[in-house]
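Q: Produce the complete structure using the sequences and hints provided.
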Amino acid sequence: MSLKLRKHPLHLAAPPILVQQLQELLNHANNYVLALTLISALVWASQMHSGNANALGIWCIAVQFVTGAAFVHAGYWRLRVKPHQAYRVARQLIVLSSLEGLLWGALPLLAMDSTSLTTSVLIVSVIAAIMGGAPPLLSAVLPVYVGFATPVALGMALAFWMARNAAFDYLAIAALIYFLTMLVGARTSAQSIRTSIDLRLQLGNSLEKLRESEAFLKEAQEMASLGNYVLDIASGRWQGSEAIFQMYGIAKDYEPTLAALARLDHPEDLHVMPTYIQQTIATKSPIFDISYRIIRPDNQQTRWLRALGRMSFDELGQPIKLFGTLQDITEHRQREAALHESNQRLRAIEQRQTLSQERQRLMQDMHDGLGSSLVSALRVVECGKGSELDVAQVLKSCIDDLKLAIDSMETVEPDLLLLLATFRFRLGPRLESTGIALRWEVNDVPALIWLDPKNALHILRILQETFTNIIKHAHATEIRVATRVEGKRVLVSVLDNGQGFDWLAARQHSGRGLSNQVRRAEAIGAEVAWQANHSGTHFLMYLPIQQTTN
Amino acid sequence: MDRTNSATLIRVALVEDDVRFQNDLITAMQGAPDMQLIKVAETCAQGLQLLDEVCADVLLVDLGLPDGSGIDVIKTAHQKWPNCNIMVSSAFADETHVVRSIEAGATGYLLKDSAPEKIVFEIRSLHAGGSPISPLIARQILTRFRLAATPLTPPPTLLSAREQEVLERITKGFTIDEIADQLAVSRFSVRTYVRRIYAKLEVNSRAEAIFEARNQGWLAK
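First to last, the protein sequences are chains A and B. Per this note's numbering, the first sequence starts with residue 16, numbered consecutively. Per this note's numbering, the second sequence starts with residue -1, numbered consecutively.
What the hints contain is simulated information worked out from the structure, not anything from laboratory work. Take the hints with a grain of salt, since some may be wrong.
Unchecked claim - Only pairs whose alpha carbons sit at most 30 Å apart, straight line, appear in this in silico DSS-like list of lysine-lysine:
(1) A:469 - B:110
(2) A:233 - A:97
(3) A:267 - A:233
(4) B:37 - B:110
(5) A:411 - B:110
(6) B:116 - A:487
(7) A:469 - A:503
(8) A:97 - A:299
(9) A:299 - A:224
(10) B:73 - B:37
(11) B:78 - B:110
(12) A:336 - A:299
(13) A:411 - B:78
(14) B:110 - A:487
(15) B:116 - B:73
As the structure is a prediction and not an experimental result, all values here were calculated from the model.
A: Listed below in structure tokens is the structure:
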């Protein structure tokens, strides 16, 4: 059977809805079976003594048969119809109801007698009653009703018309009008049944979706140990999701007030929550974020909870409710604490390492400089070779060494000029005592970010060596110290007006002096050079402004 | 040339536990007719006692005393003898200790291993109104004044442009003489600039201490 998808009155609805409609219909089957069988029997009985009793007898049996079939059919299919069977069942019902309609439609033709008025009245009233009772029972699926009602109406009209009685003609017309009215009524009834079915299905769908999303939310909350709550400020009563009960370790029937929850607070965090709520109300703060500890009543565990929320206020600014979430952050806190501790330990280790490195550096420097100087001073005294003045000189230079080392440690600024200034301050007097004039011709230079105590000491030692060489060997009367920027480097130049020494000779004479300076310069990424002529020696130290990482 | 008051005798008092330095000082002052060592104390307690007994023009205090820090002696002396110049003596004169002493009221410092002439020169200079300084000390003072103004402290006395200039040149390595030439002032003027700077440092430190004490008092309530 072809399905009419356009919305004309006799189309069959889609299977999910058709099933509901058939259900309505099949439920009513019981209602009329007994009535129809009895009525048909009574009609036959009333006509026992008329001429067409036999025909009516056959008719009655036929009615019983078809009604019985319909009853059995309905009994079987009631509550059993599946969507894929809906069309089949509907077609079967249409066929059955059409059969019934034909039978009842045949009744007027069989039994009506223009001579006997009572018979005619009886038949007419029976048909009228059946026609009137049909819509509520059959209109759920409109084609079923139409299948039933049309033959009945036509049979009736035909019987009237064939009676060749003017009065009956009008009755025929009345019957037809009556039929049409019934049709319209049946259609309206079908529509309202359809609407209620639609609503019922929609509601079912919505409920299903709601239940799904509730279950999902519940699971999510449980997984995150996160619950949500609403607290009524005035009464102190709260409502919340299941997760809250789980977090607190309380039963669902635990007293739902803030005061009752506060009883579970950790002794050190008593009343933290209520106090904070009061504070938030007083300051009307939009932020509500507080962590506190509880002791769970079910397993005596101490747990950290964090409450986040938002307060709602009425028009007068009075707080009404607090909405928010509560989360168990115990593990989170523990991880934080562990991280903090390991950070502390790491920092302590780093510090110890730095200190140990510094110690080593200083020991090296002292051993190289001070250590050897003091030993040579001791030798001089022991051998008795040098004069007191020589020993005093050595000791003075030891003290200078020490002072420079200390000064280098004070270096916190990347300021080269400050370093040079300190150098001059320390060694200036010694220079003065030799009668050499010092011209200080420094210019501002950019900051050297890499200037730390280690590098500062190297620079000081290089300069110290340079000055010592000049004082000892150069026979100069004037030293000029200058600084300036040259490209990506800073130049420190020390110019003396001495006799311009022989490079090799000086090297041999002062032992490892010059190579020490080269070594130290390399250690800090600097370059040292000497230019000597008859009028003096020019010592140049090039310091990079930025160190390339090596 | 420093203006020295040769008419009056400079009375020097010493708080020092190191006997060698005591002797150094005595030897140095033997060669200086305008000075007289009037009293020597060897501990902090003795030093405080000394302040009640005599009055000196220049007080030399060692920071490393056996029974306490010389800073207390400096503070008390500054209170009791406002006209006395306090000098702190130290083996290395690292700027932290020197600046702390200045904040307590000292106006100069002395290196213990200085030559006798230098010692005498410094005492004379200090008495005349000048103050010694080193590049690192100058740098620390500059930092101190730069960081002075914070919302938690009272508004500090700030350095004048001239004073700032002097300190910066010192950090660049120029000597007092050279700075005097560069700024076209006398050498003595430069040393008095330094003296003024020290006084401002002490004022700020005192104001901060009072401020903090008041805060503590409030908090104690």
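Q: Please flag the earlier hints that this structure goes against, numbers listed from lowest up.
A: 2, 8, 9, 13
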